[in-house]
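Asks: These protein sequences, in sequence, are chains A and B. Residues 1 to 184 in our numbering are what the first sequence lists, from first letter to last. Residues 1001 to 1184 in our numbering are what the second sequence lists, from first letter to last.
I should point out that these hints are in silico values taken from the structure, not numbers from a laboratory. What you are looking at is a predicted structure, and each value in this text was computed from that prediction instead of being measured. Among the clues, some could well be false.
Quick look at which bits of chain A chain B covers, simulated, 3 or more residues with Cβ under 8 angstroms [what the hints assert, rightly or not]: (1) 34-47; (2) 77-88; (3) 135-146.
Backbone N, C-alpha and C fix where the C-beta goes; we use that ideal spot for every residue, glycine too.
There are 2 protein chains.
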Amino acid sequence: MIEIEVKGYANERVFERVRENFKLIRTEYHEDTYFRHPCRNFAETDEALRIRVRRFNGHFEAFLTYKGPKIDQNSKTRREIEVPISDPDKHTEILRNLGFEEVLTIEKTREKYYVDKGIIIDLDDVNGLGKFIEIEALADREEVVEETVMLLREILESLGVEKFERRSYLELMLEKEVEHGEAG
Amino acid sequence: MIEIEVKGYANERVFERVRENFKLIRTEYHEDTYFRHPCRNFAETDEALRIRVRRFNGHFEAFLTYKGPKIDQNSKTRREIEVPISDPDKHTEILRNLGFEEVLTIEKTREKYYVDKGIIIDLDDVNGLGKFIEIEALADREEVVEETVMLLREILESLGVEKFERRSYLELMLEKEVEHGEAG
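Using the sequences plus the hints, can you model the full thing?
Replies: Structure follows, in structure tokens:
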């Protein structure tokens, strides 16, 4: 299965349209910590290594996720390998000892909505970056990725999204830091 | 807590003495896979990264373990960070994608015996290497490491151990491979 994701800039009006039209699955709180590779420039290879701590309805879950390079031009579709981990602090300590360094931690609130069979919308409010909307679907083979991306973009446009974004929150946050650094 | 370990070469007579004198906790089957670091020579830095799959009494457990360099001269005492993992195959896939390569897998049968409060003896039968005995204790501070090591060595000697070994099974296996390579 290939996870197809399209992300756009949102505002309170877009959020309200989603809330009125679709069913809330749950609200999650994410703390995502990204790591630098000891000898590979992830910014160049378009990869990422992340530990996510997720809280919802009193649950606590953590995951280690490897993200491979993007595989198409119009979406942020990537190969992802994710495993649940039970002790994110100890896991971080192992990564540190192996030479992986924490780049930064991104915190966000995510409201998850059910759109249609296999299609999910996330309303993300990201600390320091603002409001985004993400729509996700699964494809069983690479030939249908492009048409699925088009469909997902149309759904977002119908909800009022005018600007799409392929960059990850990590990339956006790092660029913001660079801009602030240059301004200062 | 510091885990102090002393290892010696054993034979069936040593194994029998332990079996007669101490209480069997359980018998475990280990499959230990060791990884090479993408840009650090673990053989030089005296570190290791391992995924252990452990089976006993119908249980299946897996752990990711980082082992730091040895911290004293007479034992194989190291800093260890270990986390349970639920999906060793997927975890291996993440490590592979990050550039870690599998060096080799070591299989062994381990009988665990209770010796005294906080002291454990392992009888290891290692595929391709033979019989070993390991004795482990915990120390709460570094000042007592040396005397504890001496005590553990004396216990092993009283059981008939004549030769100690500071090298890990991984190191012994790699050296054996080199010797076989040179002979061939």
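Asks: Could you run down the list of hints and mark each one as holding or not?
Replies: Each hint tested on the structure:
1. 34-47: holds (count 5)
2. 77-88: holds (count 7)
3. 135-146: violated (count 0)
Hint 3 from the earlier list is the only one contradicted by this structure; the remaining hints agree with it.
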